[in-house]
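S.K.: Given next are the chains, with one letter for each unit.
2 protein chains.
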Amino acid sequence: MDVERYIAGRAAAVNRALPEFVSRFKGSQPLLSEAMLYSLSAGGKRLRPVLLGAAYEVFGGKASDILPAACAIEMVHTYSLVHDDLPAMDDDPLRRGRPTNHRVYGDAMAILAGDALLTDAFGVLLSSKYPSRVTPGALLAAAEILARRAGARGMVSGQAADLQAEGFLQKRNAGRGKTGRAGRTTARSVRAGLQLLHYIHLHKTADLITAAVEMGAALAAAPRRDFNSISAFGLELGLCFQIADDILDVEGDKEKMGKAGSDARNRKLTYAALLGVKEARSRAEGLLRRALKRLAGVRGRPAAKDALAGIATFVYRREK
Amino acid sequence: MDVERYIAGRAAAVNRALPEFVSRFKGSQPLLSEAMLYSLSAGGKRLRPVLLGAAYEVFGGKASDILPAACAIEMVHTYSLVHDDLPAMDDDPLRRGRPTNHRVYGDAMAILAGDALLTDAFGVLLSSKYPSRVTPGALLAAAEILARRAGARGMVSGQAADLQAEGFLQKRNAGRGKTGRAGRTTARSVRAGLQLLHYIHLHKTADLITAAVEMGAALAAAPRRDFNSISAFGLELGLCFQIADDILDVEGDKEKMGKAGSDARNRKLTYAALLGVKEARSRAEGLLRRALKRLAGVRGRPAAKDALAGIATFVYRREK
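The listed protein sequences derive, respectively, from chains B and U. Position 316, counted from 1, in the first sequence is what my numbering calls 504; the numbers after and before it change by one each time, with no gaps. Position 116, counted from 1, in the second sequence is what my numbering calls 304; the numbers after and before it change by one each time, with no gaps.
A few of these clues could be false.
One copy or two, either will do: identical chains are not told apart, so a pair holds if it fits within one copy or between any two.
Here are the simulated EDC-like cross-link-like pairs (lysine to aspartate or glutamate), alpha carbons at most 20 Å apart as the crow flies [unchecked claim]:
1) K481 to D295
2) K317 to E332
3) K317 to D279
4) K233 to D272
For the record, the hints were derived by calculation from the structure and aren't laboratory data.
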């Protein structure tokens, strides 16, 4: 299969559906809905909604039937980017090659646009029409997964730990003089860094990617054993995705990424920085292998499983 | 009935229940959960959860059966206060007599604590156990109400309009010289101000208070006609609450409010500022009267309706 074409096709369906749900914001304060739409329509791979739809298809559904759920997880992802970019957080001027939300609408409106995207993600998920095979119980389960994986024990904890990690790096780099060379990197500080980094990746990135496949499986009422296998696939894939992203940040072409080098500029903790690019790539490869093994254990439609495997491999190999 | 005692008793039950739900955040980043708890345990009247429980009882339920839903709406209210207080928004140093969240934990952690409280409000609502009379459909309806009333067409739009209103006031006060006297107040500018203010109150305050009674009614599967009547009661009550709050901000004793005068300091648009305290109080009284009339039309348990009427009257008369 041509996975890039598959992803692009599925992403296009999400891009067509988003405005429909977004039209529900029409009654809202005009600048607020404009700010929400600005970030929602900034493009991106739409990886999470594509994964959600593919996971639903593994268990016999049709992705086009659950587009509201796919759009909902993209809204949660978008809110997290808008808040992450704020001056109080990462202070990023660019996202996907365009000025960040707060650069266009101001900090206050960007905070509110993020709040509204997060809240209305649940609105879109919960108030939409689904085929009868999606029971109220399945919809409740999907919404509960989204809240848990995106909330205090999930994505937000990853971001909080990321903030704390900046303190860790400042401490580690205390010996850094005017030469710009890093302080002595001991085996212990690398070990502590790896532990912290794993926690950050697990929550900041892997939790929401895991939520995508879990929500697809929950909406299709997947058997518990297969739900657990596809969940494990999502977690390994999410960890792989973040390491690949960090490597791209070091190696990526600025035009391709639209934000290359910002991690290095912010002196963020990354595998590439701690272990070097080669070792980081080898870890990502190991994660991809484990993800594919978990996926192989899922009982479901082979074509949809192939699509998920293709997406996972693409995530590891992608160049932007 | 002694309404202050009733409210205090119901609020105490909410305060006892909150830590139980909050203990679910234990797996989260330590400073994040500390910041969440800091604002959740700051006290307050717990008006929204008390209203939610009373509305559930109007239709035959027992408030103690739906404490998770009551705690969920308080979490949404708390998130909105944490974000409203941020330097990028109202820049308030005090809330309920204590330093605001960002003054203790920094802007970034306060943004994240608000994000997590909002997300986990849905988590607590959706993942808790309820008696069997609360069907999955009723729970979905309650969650959908919360998302709609708190989201882009609801509470967040009120806050966005409030931000925009600061621009309106700056324009209106452009003639204000060093004497500190306001620029000429024309009938037209008062009319435009009243219109804007109504929009702000409707969304910033009344929407979430309406959500409280609507969620109680939805969880009890109230008949459509009574749902609409109690919803209208909530909306009038919410508008009355905000005018009373504005009057207290002008007249209130600083120790009682813990933040008196901050609206005047920020030159916020209020009924008291536009029309004077006397006219503002008369409007609040009219809203209370209409709210009680709507409530009278609800078919339900008289004792619970009396409690709601008592709360409404208390909201109008309260001194802090």
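S.K.: Take the hints in turn and mark each one as holding or not.
M.R.: Hints, verified against the model:
1. K481 to D295: neither (44 Å within a copy, 42 Å between copies)
2. K317 to E332: Close inside one copy (18 Å) and across copies (13 Å); limit 20 Å.
3. K317 to D279: Result: close neither inside a copy nor across copies, 38 Å intra and 41 Å inter.
4. K233 to D272: within (18 Å within a copy, 33 Å between copies)
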